[in-house]
Amino acid sequence: MSQLLPVIVLAIFVIIFGVTLLFLASLISEKAPDNEVQDESYECGLPSDTSGPTKIPIKFYLTAILFILFDIEIIFMYPWALTYNDFLNGGAGVYILASMGVFLAVFVFGLFWEIKSKALEWE
Amino acid sequence: MWEAIAFYSLAFFLVFFAFKTITVPNPIHAALYLVLTMIGLGAAFFNLGAQFIAGVQMIVYAGAVMVLFVMVLMLFDLKAELRSFSKGLFSGGLKVMSAALLAGLAIGAANSSVAILDTQDAAKPTMDVTRQLGILLYTKYLYAFEALGILLLAVAVGVVAVSRIKGGTHAQH
Amino acid sequence: MGIDSFEFTVNLLKMIVIFMMMVQIVPLLVWVERRGSAFIQNRLGPNRVGPLGLMQLLADAVKFLTKQEFVPGRGYPALFYIAPVVAMIPAALAFGAIPLSMPVNVDAFDWLGQHWGPYVFKFQSYEIGIGIVFVLGVSSLAAFGVLLAGYGSNNKYALFGALRASAQTISYELAMGLAIVGVILLFGSFNFADIVNAQAAPLNFMLAGHKVELGFLPNWGIFFQPLGAVILFAAMFAETNRLPFDLPEAEGELVAGYHTEYAGFKFNMFFIGEYGHMLVASALMVTFYFGGYTLYPFLTPETAPKIMAPIAAMFGWSTTSTAVSLLGALLLHVVLLVKMVIFLWIFIHVRWTLPRFRYDQLMDLGWRKMLPWALFNTIATAVLILVMRHNWGA
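Taken in sequence, the protein lines are chains E, W and F.
In terms of the numbering used here, the first sequence is numbered consecutively and its last residue is 123.
In terms of the numbering used here, the second sequence is numbered consecutively and its last residue is 1173.
In terms of the numbering used here, the third sequence is numbered consecutively and its last residue is 2394.
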């Protein structure tokens, strides 16, 4: 906890700093007029042609899910990298390399299958 | 004394954010409160001395899973729920059951955290915990670790397959 | 944060000063960017306001403060206002965890009738045991500022820009994480201070059971992980949305991407976040691969106080061990700043040299080229370490 407290203090300070600056800016600047033209979203000056819900490609969802999976695999490599030298010094270097090697083989297979099956095509 | 104040305020904010997650009507606001809850959970793990797990919580949960949640919620143009609380007998039964579950969890947690704020004995260097985790993971729990790799591969294949369901937008011709 | 009030106050001030350092770098970097880009493009850049155009940024700051206060009509005001503040937090938190110089040893002294004990002040906002994992964790939160900005604007261009920016950010976080695994394999620690101290030694590696030492080169990470350094640097470009990866803020394509509807100081805060991430990226590159705040034969935590002691005597400053330690730390801090400035200049130079990637080229590069190469780097590093550090004789 003693290590975490400065982080929380800094986060609170950044928030206070940001809010204070925004508040100062809102005091000094003029208010926007509250008419309908002002409220329209900016589209380079052209009138909005579509309305209603925008259709967005589903590839963003696929990218995010695959990112989660590969991120978890990378997270597993962190304690491995940390204790790699300890295993080496203890004489179990080949063991630790082989065990991660099996995991990496599965990971690499998954990655290359997913590249080959064009799951992330165009993105 | 400061430790106690810090711990109780962290606990209060964690419960508050979790409560707001389930009661606020706008779905994006609910997802953002869930992000704050995940960050608070990371802080709670850190407090318990599991520093690496706190980092993992931030990287994977708050940084990946919640980004997915928020992105997907923004893809759908959801209107705020018209009614926060649903009515009816079935949902009433569910509410009673979840309240009972919550009460049981709270009492169990209170009973098992008897000396949680007592100061730890001579501060171990934190690296030890992470190194111990690493060594354990690759010796005692090696099978679980490899099985997890296969599980992640299954999820990857499943996601791509589900996105190509016949009749969907991505169906293969 | 400190046992007694003196330590607490000093740590608090240190934290605030380091954060303000990050905020104040922004006007300087913007000036360097505008003048530097002008010279690269064979024009002059701002040179009217103040000497060399330095006051231009002050004028810009006043302009930002007085811009009209604006919330898009059907937007979500809460999210719209929170997004710029959220964009600043990850960079500030990450920058606080990186050591900027050697720790300062303060001897016991008496002041105001009380005995203040000996202290060691680390030259960073806070020291986290799991340094690298913490920096990666808070950097992953950078995607939220972007998403909130895009959504709160209720503008479909802003939303598109935000989704593309966050998809790009998360794709390159994978390559970044893998490149860092190489560094951890090499140095065997998550802690930044350990990594920097390991680089303040002559270049040494084990070869067939003997320790080979090349005395004229420092033990920098770049000599062991050149591919990893290139991958990390390129992935950092994508994380900070800098050209050539800045399609999310592309002018002329998506108007201004996710900060289309932002004006005034809120817009400036996004730039504090972006330049803050650039600072963190430069600091990480220097810490992992270029020795951090040390320069092996000449300026290390052992030699710096010894160099500063006669200089302090020459200038007539106090030569107590506290002062000498502080001066040594400042000298090493200057070393770090020089190295970071070089990397910041490389960021700016690349921006005005390379054309922008198309979005599908960008994602293709992240998933199909950088990720396999980063994997190869990790595997090769692990195998090489095993082969070289194995005790063949025993």
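Do not rely on the hints blindly, as some may be mistaken.
[As the list claims (entries may be wrong)] Label-pair restraints from in silico Cβ distances:
(1) F:L2217 - W:V1114: 23 to 33 Å
(2) W:E1003 - F:M2020: 20 to 30 Å
(3) E:S26 - F:F2039: 33 to 43 Å
(4) W:R1164 - E:V108: 15 to 25 Å
(5) W:N1026 - F:A2108: 50 to 60 Å
(6) E:V108 - W:V1072: 57 to 67 Å
(7) F:S2037 - W:V1072: 30 to 40 Å
(8) F:T2353 - W:R1164: 39 to 49 Å
Because the hints were derived from the structure by calculation, they are not lab data.
Note that the coordinates shown come from a computational prediction; the quantities given were computed from them, not determined experimentally.
From the three backbone atoms N, C-alpha and C, an ideal C-beta is built for every residue, glycine too.
Each hint tested on the structure:
no.	hint	in the structure
1	F:L2217 - W:V1114: 23 to 33 Å	violated, 57 Å
2	W:E1003 - F:M2020: 20 to 30 Å	holds, 29 Å
3	E:S26 - F:F2039: 33 to 43 Å	holds, 38 Å
4	W:R1164 - E:V108: 15 to 25 Å	holds, 23 Å
5	W:N1026 - F:A2108: 50 to 60 Å	holds, 57 Å
6	E:V108 - W:V1072: 57 to 67 Å	violated, 28 Å
7	F:S2037 - W:V1072: 30 to 40 Å	holds, 38 Å
8	F:T2353 - W:R1164: 39 to 49 Å	holds, 41 Å
Hints 1 and 6 from the list above are not met by this structure, while the remaining hints are.
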